[in-house]
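**Q** Sequence:
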Amino acid sequence: MQVFPRKLEGYLREWGGRSVRKPLVIRGARQTGKTTTVLKFAEDYPQYIHLNLDRYEDLRLFYNERPLHEVVDEVFFLRGVRKERKTLIFIDEIQRSDRAINLLRYLYEEYPEYHIVAAGSLLEQSVDVRRAFPVGRVTYAYMHPVSFEEFLLALGETQAVEAFQQVPVPDYAHEKLLELFHRYTLVGGMPEAVRTYAESGDLIRVRQVYHDLITSYADDIEKYPISESKKAIARHVFSTMLFHPMQRLTFNGYGGSSYGSTQVKESFETLQKAMLCTVEYPLTSTGLPLQRNKRKKPRLHLLDTGLCAYAMGVQEELISIRDLRDARKGLFAEHIVGQELRSSSPTELVGYLYWVREKKQSSAEVDYLVLVDGQIIPVEVKAGAVGRLRSLMQFLDMSDERCGVRLYAGAHSVNTITTMKKKSSLLLNIPYYHAAKLPQYVRTLCPST
Numbered sequence: 006m007q008v009f010p011r012k013l014e015g016y017l018r019e020w021g022g023r024s025v026r027k028p029l030v031i032r033g034a035r036q037t038g039k040t041t042t043v044l045k046f047a048e049d050y051p052q053y054i055h056l057n058l059d060r061y062e063d064l065r066l067f068y069n070e071r072p073l074h075e076v077v078d079e080v081f082f083l084r085g086v087r088k089e090r091k092t093l094i095f096i097d098e099i100q101r102s103d104r105a106i107n108l109l110r111y112l113y114e115e116y117p118e119y120h121i122v123a124a125g126s127l128l129e130q131s132v133d134v135r136r137a138f139p140v141g142r143v144t145y146a147y148m149h150p151v152s153f154e155e156f157l158l159a160l161g162e163t164q165a166v167e168a169f170q171q172v173p174v175p176d177y178a179h180e181k182l183l184e185l186f187h188r189y190t191l192v193g194g195m196p197e198a199v200r201t202y203a204e205s206g207d208l209i210r211v212r213q214v215y216h217d218l219i220t221s222y223a224d225d226i227e228k229y230p231i232s233e234s235k236k237a238i239a240r241h242v243f244s245t246m247l248f249h250p251m252q253r254l255t256f257n258g259y260g261g262s263s264y265g266s267t268q269v270k271e272s273f274e275t276l277q278k279a280m281l282c283t284v285e286y287p288l289t290s291t292g293l294p295l296q297r298n299k300r301k302k303p304r305l306h307l308l309d310t311g312l313c314a315y316a317m318g319v320q321e322e323l324i325s326i327r328d329l330r331d332a333r334k335g336l337f338a339e340h341i342v343g344q345e346l347r348s349s350s351p352t353e354l355v356g357y358l359y360w361v362r363e364k365k366q367s368s369a370e371v372d373y374l375v376l377v378d379g380q381i382i383p384v385e386v387k388a389g390a391v392g393r394l395r396s397l398m399q400f401l402d403m404s405d406e407r408c409g410v411r412l413y414a415g416a417h418s419v420n421t422i423t424t425m426k427k428k429s430s431l432l433l434n435i436p437y438y439h440a441a442k443l444p445q446y447v448r449t450l451c452p453s454t
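Following my numbering from start to finish, the sequence shown increments by one per residue and tops out at 454.
Honestly, the hints are just simulated from the structure, not real lab data.
From a predicted model like this one, the values you see are computed outputs, not experimental measurements.
Keep in mind that the hints are not guaranteed to be accurate.
When the alpha-carbon atoms are kept at most 25 Å apart in a straight line, the in silico SDA-like pairs for lysine to any residue are as follows [said to hold, decoys possible]: (1) K278 x S262; (2) K12 x K27; (3) K301 x S266; (4) K364 x E406; (5) K12 x R23; (6) K228 x Q277; (7) K12 x P436; (8) K228 x H241; (9) K278 x G292; (10) K91 x E115.
Produce the complete structure using the sequences and hints provided.
**A** Right, dumping it as structure tokens:
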């Protein structure tokens, strides 16, 4: 099985090199590559211990209330490894044992010489992470779907990676990266789908992967710690939401159902805990602090664009287009850009910030807001002439900001624009495949003062 590099590996190595390190808890949706990445990282150590609490023989180690040193002694004895050597201990499927979760605190205090990593496929569903894990005694990291840069690495496109890492991208590399980004959008970012495509180039096999993934996620709902009636609602919401990425949500009667607003909202919260979706409320102000307005309709983001493309049956459509904005009124371009922005950081769960102004005569919606060194940067995913960026210009007019970004299929360029209120601002035109590099563009071309 091909194992390709993931961004989280770099963070794991930085964490492992610290003189003082807390146990690391890796969070993320199921099937995003948490276990594979940690086991690859574990090979850097002279020895490691992998405890999978889905296996009875590992789970039983945490059954009894006994001193921590007895647990540690037994683990090392059963694995046949010496306690004196540098050791990584990986506790997988940790949500299966409250005792194991509680012991993380004492491992940190009593055995600081060991490097402890924990993860779980249904961790967010099984426990309240903020309450279950000892406050101030663990560090969190996040595993996202495969980013575009990781996709290039998986395909062995080393020259494309080198070009991608430059800001701005060299002109000669633009068309190649654009074509590869379209391929990435239709393949998606689920590791098994990327691996299958990298090994075979066969989209039919990729479709089978997504069929199996969606079936697996639906089956997971049966394992959620909720009532049978709530499981039925969650199944309906899950099967419906795959067809409506980027939709502003009305909870009541969602998907043509008879379910009420509270029932549907709770189901979305359940699926969000599993990190299968994110329900984001908009901002209506233009300054700091960034506060979401929960009186407005929220917007739906899904775990991965590839899941949507498969469910909606548009993979062939995505193959042939020149501009992602031409597919389904631009929703795939907008969604994949958000996915790239979120995947840029393995140490935090970046929100999908966006801004709306809902007035009868002058409604506006800016696709994304990105915070860069205290600047609130409005971002529009748009094709065509600059004059179409009315929402972005409204935001600039109502804020103190003087820099906006357009993500599109064209090459990098910079324009000076004049807003409706005659405010002179800088517009950075960036290829949408370079969304993850947006902060570097802003820091170089429009630094904060």
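**Q** Take the hints in turn and mark each one as holding or not.
**A** Hint check:
1. For the hint pairing K278 with S262, the CA-to-CA distance comes to about 22 Å; that is within 25 Å, so the pair holds.
2. Our distance criterion of 25 Å between C-alpha atoms is met by K12 and K27, whose separation comes to about 20 Å.
3. About 14 Å separates the Cα atoms of K301 and S266, which keeps this hinted pair within 25 Å; it holds.
4. A threshold of 25 Å between alpha carbons decides the hint, and for K364 with E406 the separation of about 22 Å falls inside it, so the pair holds.
5. With a C-alpha separation of about 18 Å, the suggested pairing of K12 with R23 holds against the 25 Å cut-off.
6. For the hint pairing K228 with Q277, the CA-to-CA distance comes to about 15 Å; that is within 25 Å, so the pair holds.
7. Our distance criterion of 25 Å between C-alpha atoms is met by K12 and P436, whose separation comes to about 21 Å.
8. A distance of roughly 16 Å separates the Cα atoms of K228 and H241; the hinted pair therefore holds under the 25 Å criterion.
9. Taking the CA atoms of K278 and G292, the gap is near 29 Å; set against the 25 Å cutoff, the hint is violated.
10. Taking the CA atoms of K91 and E115, the gap is about 15 Å. The hint holds against a cut of 25 Å.
Violation of the numbered hints given earlier is confined to hint 9; every other hint is satisfied by the structure.
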